[in-house]
Every structure is written in C-alpha cells, then in structure tokens.
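With chain D fixed as given, assemble chain Y onto it according to the hints.
Number of protein chains: 2
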Amino acid sequence: MNRKGRIYNFAAGPATLPPVVLERARASLDDWQGQRYSLLEAPFTGDEFKTLMDTTRLQVKSALTVPDNYQVIFLQGGASAQFSLVPMNLLPPTATAGHVETGHWSARALEEGRRYGRSHVVASTRDTGFDRIPAVSEWALKKDLHYCHITPNETANGVQFPGDPDCGEIPLIADMTSEFLSRPVDIERYGMIYAGTQKNLGPAGLVIAIIREDMLGQARPETPTVFNYQAQTERQNRINTPLMFGIYLVHLMLDWLNEQGGVDVIYPHNIAQSQVLYRIIDEDDFFYCPVIPEYRSIMNVCFGIRDESHQPRFLAEAEAVGLMNLAGHSHAGGLRASLYNAQPDAAVAALASFMANFRQRYG
Amino acid sequence: MNRKGRIYNFAAGPATLPPVVLERARASLDDWQGQRYSLLEAPFTGDEFKTLMDTTRLQVKSALTVPDNYQVIFLQGGASAQFSLVPMNLLPPTATAGHVETGHWSARALEEGRRYGRSHVVASTRDTGFDRIPAVSEWALKKDLHYCHITPNETANGVQFPGDPDCGEIPLIADMTSEFLSRPVDIERYGMIYAGTQKNLGPAGLVIAIIREDMLGQARPETPTVFNYQAQTERQNRINTPLMFGIYLVHLMLDWLNEQGGVDVIYPHNIAQSQVLYRIIDEDDFFYCPVIPEYRSIMNVCFGIRDESHQPRFLAEAEAVGLMNLAGHSHAGGLRASLYNAQPDAAVAALASFMANFRQRYG
Numbered sequence: 134m135n136r137k138g139r140i141y142n143f144a145a146g147p148a149t150l151p152p153v154v155l156e157r158a159r160a161s162l163d164d165w166q167g168q169r170y171s172l173l174e175a176p177f178t179g180d181e182f183k184t185l186m187d188t189t190r191l192q193v194k195s196a197l198t199v200p201d202n203y204q205v206i207f208l209q210g211g212a213s214a215q216f217s218l219v220p221m222n223l224l225p226p227t228a229t230a231g232h233v234e235t236g237h238w239s240a241r242a243l244e245e246g247r248r249y250g251r252s253h254v255v256a257s258t259r260d261t262g263f264d265r266i267p268a269v270s271e272w273a274l275k276k277d278l279h280y281c282h283i284t285p286n287e288t289a290n291g292v293q294f295p296g297d298p299d300c301g302e303i304p305l306i307a308d309m310t311s312e313f314l315s316r317p318v319d320i321e322r323y324g325m326i327y328a329g330t331q332k333n334l335g336p337a338g339l340v341i342a343i344i345r346e347d348m349l350g351q352a353r354p355e356t357p358t359v360f361n362y363q364a365q366t367e368r369q370n371r372i373n374t375p376l377m378f379g380i381y382l383v384h385l386m387l388d389w390l391n392e393q394g395g396v397d398v399i400y401p402h403n404i405a406q407s408q409v410l411y412r413i414i415d416e417d418d419f420f421y422c423p424v425i426p427e428y429r430s431i432m433n434v435c436f437g438i439r440d441e442s443h444q445p446r447f448l449a450e451a452e453a454v455g456l457m458n459l460a461g462h463s464h465a466g467g468l469r470a471s472l473y474n475a476q477p478d479a480a481v482a483a484l485a486s487f488m489a490n491f492r493q494r495y496g
Numbered sequence: 134m135n136r137k138g139r140i141y142n143f144a145a146g147p148a149t150l151p152p153v154v155l156e157r158a159r160a161s162l163d164d165w166q167g168q169r170y171s172l173l174e175a176p177f178t179g180d181e182f183k184t185l186m187d188t189t190r191l192q193v194k195s196a197l198t199v200p201d202n203y204q205v206i207f208l209q210g211g212a213s214a215q216f217s218l219v220p221m222n223l224l225p226p227t228a229t230a231g232h233v234e235t236g237h238w239s240a241r242a243l244e245e246g247r248r249y250g251r252s253h254v255v256a257s258t259r260d261t262g263f264d265r266i267p268a269v270s271e272w273a274l275k276k277d278l279h280y281c282h283i284t285p286n287e288t289a290n291g292v293q294f295p296g297d298p299d300c301g302e303i304p305l306i307a308d309m310t311s312e313f314l315s316r317p318v319d320i321e322r323y324g325m326i327y328a329g330t331q332k333n334l335g336p337a338g339l340v341i342a343i344i345r346e347d348m349l350g351q352a353r354p355e356t357p358t359v360f361n362y363q364a365q366t367e368r369q370n371r372i373n374t375p376l377m378f379g380i381y382l383v384h385l386m387l388d389w390l391n392e393q394g395g396v397d398v399i400y401p402h403n404i405a406q407s408q409v410l411y412r413i414i415d416e417d418d419f420f421y422c423p424v425i426p427e428y429r430s431i432m433n434v435c436f437g438i439r440d441e442s443h444q445p446r447f448l449a450e451a452e453a454v455g456l457m458n459l460a461g462h463s464h465a466g467g468l469r470a471s472l473y474n475a476q477p478d479a480a481v482a483a484l485a486s487f488m489a490n491f492r493q494r495y496g
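Going down the list, the sequences are from chains D and Y.
Position 9, counted from 1, in the first sequence is what my numbering calls 142; the numbers after and before it change by one each time, with no gaps.
Position 343, counted from 1, in the second sequence is what my numbering calls 476; the numbers after and before it change by one each time, with no gaps.
Rather than coming from a laboratory, the hints here were simulated on the basis of the structure.
Just so it is clear, the structure is predicted and the values come from calculations on it, not from any experiment.
Hints should not be assumed to be uniformly reliable.
One copy or two, it doesn't matter: identical chains are merged, so the pair holds either way.
Stated by the list, open to error - Below, simulated SDA-like cross-link-like pairs (lysine to any residue); rule was C-alpha separation at most 25 Å, straight line: (1) K183 - R159; (2) K183 - P401; (3) K275 - C422; (4) K183 - Q369; (5) K183 - E452; (6) K183 - G466; (7) K183 - R439; (8) K276 - G466.
Pulled out of the complex, with its shape left as it was, chain D reads as follows:
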C-alpha cells in the first residue's frame, strides 16, 4: 500500500489520480480562487470560470502542440455519446464513414455509427481475437470515405496503435479516451480527436474534443443544439452550463502533467512502466498476453494466467495486499492492469513483485 494507507488502484477508469491533484480539488470545494465560495457554487457566467475554460483549452493546445486551425471544446455525455454525435455532426446522410475494428470499443463505435448512415469496416482484427493493429496498407480505404474512425488504444483488449496512421486526404476521427495525453500525437492526421476524461484526466462525464475547423458546418438538422460541435465552438461552450468541476479537474491534471515535463517526458515513462509488467508476463508460460508484442497497450496491460483456475486466487490475494481492480473488462475476461499517467512507479513495482511471487508459489 502506498502512503496514507491507500491501496494501489489498477482500474481502467475512473482511475488513480495524483495525490496533489486530489488535494487541490478538495481545496476548490472550500474556497475557489479566493472568491470565498466553493467552485461548486460559482456561476458559470462569471469571469473566473470563463478564464478557467480559456486557460484549460490553451493547456490542451499547448500539451499536444495543436495547430491553429483546430478548436478545442468540452462536451458532455461521455465518449460513448460521441459514437452517435460524431456522425450526427460530421457525416452527411449520403456520405460513407470507414471504421477500423480493433477491439470492444471500436466495435461499439461502429455499431452505433451504423445507425446514422453508411459505415463500413475498412479493416478488422476480430478474426485473430483483436491481437494486433492492421497496417494502413491493408485498410480498404476508398477515396470517397468521408472520414475513418479509429480507437487508437483499446481499453478492454490491451491493443494500441503503434503510431498515428497516415490516411492521406481522408481525415481520421479518433476516440483517444484511454490514451489521451499519454503520448505525443501528430494532430494533423486527424479531423477530430475526442476523449472521455476519466482515464488520464480525472472526471467521468466530460469529453474533450479537438476538431479541425473545416470539419464543422455539416451537422444534421436533428443534432441537439447543446451537442452541436459548431454551435458549442462558436459559443465557446457557453450554450448551457458546462461540467464545471470536471473542467477544473482537467485543468489541475494539465498543470500536473506540465509539472511532470509534459507528454514528451510521460510517454517514455509510460512505456517503461508497461515493459516492467510485459517482461514478467513473457518470462515463461505461467502468464500470457494475447496481444502481439509490437501492438501491446502501454496504458492497459491485458494478460491472463494459462491455468485459468488460478485467476480467482490471484485477484483475491492481490486485493488482500492492496492491489485493487485487476480483473479484465467483462467482455474480454482475464486480468488487466491500467497504467494511466498518474499510476505511480511504486504501484507497478508492487504489482510486478506480487506477480513474480504468485508465479513462484503456484507455477
């Protein structure tokens, strides 16, 4: 267990946050920015909150070196809402969207997207159990695709794109929920990036979207105004009350990320953490990882015990020593250790040590 008697939390999200961010968040519930009232009591129309939103947008732009022709907006409803809102906002009824299916979440995006028009799979790894990322050269990309949707990191399956794909003129739309701000991104390959913030950035319910300006202006008439990307961009997220506490937490997380040195520093750190676990998994046949090494996620280490009968004991013993939430996603089974930006090295070391010890005792 870490300091303050807490446990180590490997949940896939909501997930571990830095103690300093939690401390600052607590303080904001008492007296926010010396205003003598809590952030939860602050009017969203006030100058303080306007400044907070502007600052947080700039922090996102700065953290990922976002070019000037992209807008950053805050959306509500979680990333799953965008599975519908992306086609409602960006896909004209006569156009076709491509989807790359690489796991549970890209399949959900595809399933929902199909309800709004022509969406087809340009590549899928379903047949090999989502164990890899197909090379762009294998994608059935037709020139008339309006956009191509990808899920660069699959939280449930532990598979991650090895880089930002180059689809030429076809804009990528990416659900980066579980890898957002964990690595540098070549933004210009994307027409839109969206991310639920409950992984690397704290609160559930909030979505950050980075949208290339020329993608806007195509919303279908039935798009609800508060979910209309262009309307929210033009009104700078002030059509309705934004998720204020969530935006504040994101601001605090971006401060913290900056204090760590930004994505250029946290990225190799994230790789190193995941390698500690993958090394143990690969050492012999006791554990296994279903994903081909070069496509393994640095955020969600999905693995299993070859003798599945050990799994309940593994989870129970782990919990007994404060290593929590190591069960895999309900659709994927097995085990999973999520290592978002805020996961401390001590947590990874403790889990690695527990895994090695467990194998020694039962292997």
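The following block gives chain Y in isolation, referenced to the frame of chain D:
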C-alpha cells in the same frame, strides 16, 4: 458575510450549497467510504457505486413520494439537452406536443422542440411580459396532444406555477430544474419530470428524470443510445460511465434535505424566505417586481429599481458587503436573488437589510 469569512451567494445556479454537504464532498475526494481511494478514482462498475446509485434513486422516490410506475434515471448533458431528447425519446414524428410559454426557459424548450416535429404553443404570457401563469382553463388543449411541456419555475423571469396543473389525460412534461425538491409535487399529473441538478441539488451537468413507465418505448431511431431513456432505464444507468461525482453530491444533498425534514418542511421555509424580500419590494415605489403576486417565484426573486440609474450602484455596494451575484439573467435584466433550498436565512436577512438601507439612502 457569513461564518468562515464567506460571502452570501444569490447566483441562479450553480448556487449556494450547505457547508456540511461541501465538507462531506471534500472528504469523499480523499477516502470514499473507507475504500482507501477517492470517489473520483472509484470504478463505476464496483459494488459501492452501484449501491450509491440505487440509494440515490430511492432517496428521490422517497423525497417526492414517487409512485411505483415511475422510474428515476440519471442523465447527462444538462437540462437543455432534454429540450431535444424529450421529443426524440417521447414524441413520435406524427404526434403533436403542446408547450406553455411562460418565460425564457420554456421558450428555449419550445424553440428546440420545434426542430423535432409538431410543437405548438397552447398558452403564452409573452404579450404581458411573462408576468403570470395562464390558468389551465385558458390553455388550448386538444385531446390529441401527445404531451404538454411546462417550465413550472422560470429562473430568468421569476414566475412560478402556483401548483401542479391538471391536464386530464394529457401527460405533463416538466422542466423542474430550478424548483426540483423545493416543494411537494403531485407526480401523477406528470408523464416526465426532469431537472438539472445545479440549483437545489448541487452539480452542473447531471439531470435527474422521473418517467412514467408507459411513456417509454417510443424513442426515434436516431436517438443516441446513451441518451435513450428506455435503454438507460433498462440498464440502470450503466450503459456508459455515469456522472459519478454529481450523483454522489445529489446523494449528499438528499441526505441534507432529509435532515431538514424533507420537502414538506423546506417548502414553507422557502415561501417565508421569498416573502421577506417581496415584502420590502412591495413596501413602496422604490423597488418593483414585474410579476403578479400570486405567480411570483419562491426560488428566484426577480425585481428592479424603478430608477434604473441606481442599479450599478446597488450591485457594487451589495458586492462590497459580500452579497454576490444579484444581477438578473442576461435576457431579463434587472436584479435577482435566488433562494434555493440551501440559502441560509441569514443571507436573506442580510439582503433585506441591505435593500432597506439602500432605499433609505437613495429613495
């Protein structure tokens, strides 16, 4: 200024919260329910959070004596999102919705609702400056109306329905955002009640909906799955990550409301608070209230100074003594004091005293 050197906050929402709720919320960010991690770090699939959601739903049902054939669900996107999602979920494309227009927010609901089909105004007080609530006997209710939408309390205009209207067989749909849990409600007159929680219940972004079961099952195909009332009801709000911190705050606010004696006790208390201010306003011609007395809001006291040139000074002097956020809604102008459940009597007394003193000096 109140204890702890804080100010009195008359904002229309997000608004003042009870200090004990803020204290409990702060504690939850450190160690939630003895789990040794923060509520913000808790997995939404865990038993603790399931129990919290179940408990909070039951608290809502208990607080308003909700009959068994109604479901309570938590939605995201704020009340404004429901302006679109209500017709998407509840209004078949060939059906007609009625709207009662009594101020800024009912007009917004009507404007958005019209984008989804046949919506017409059954009654409006626009011609008299939203100074009253039209009697049901004056509403142009046709039997074929699928539902009738009302906004029982108009936050921007300070006008409030004197009770729950009886529309016979036509189900009412009510945006109760700014009066939810401030008074007892005859639930059975409603097909659906929805309320953004940033007024009487704390956090921005969360919506509580109470839906009569027979209203479900009519969602249009283009309704996003996460915003589909029936789907979220069937899945008990677990289609996607709920607004966890928001739900916890609502739970704390319902605990607090219960400690105050519930809506039967808080309702006369709310009336009494508003009467303190209306009495001063009506005492002579210095101040005025544009709303006819029997329709005046007990939540949002909207008023003005007859000599408008005094208004900037009124706001500046009020702020100087810690009476904050008294400017009216941007669409209505004038002044406004919001008196949600958590507004302390001392705040009302301080404002009343300031108003009397200001009038004495400038009247």
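Hints that the structure is at odds with (numbers, increasing): 2, 3, 7, 8
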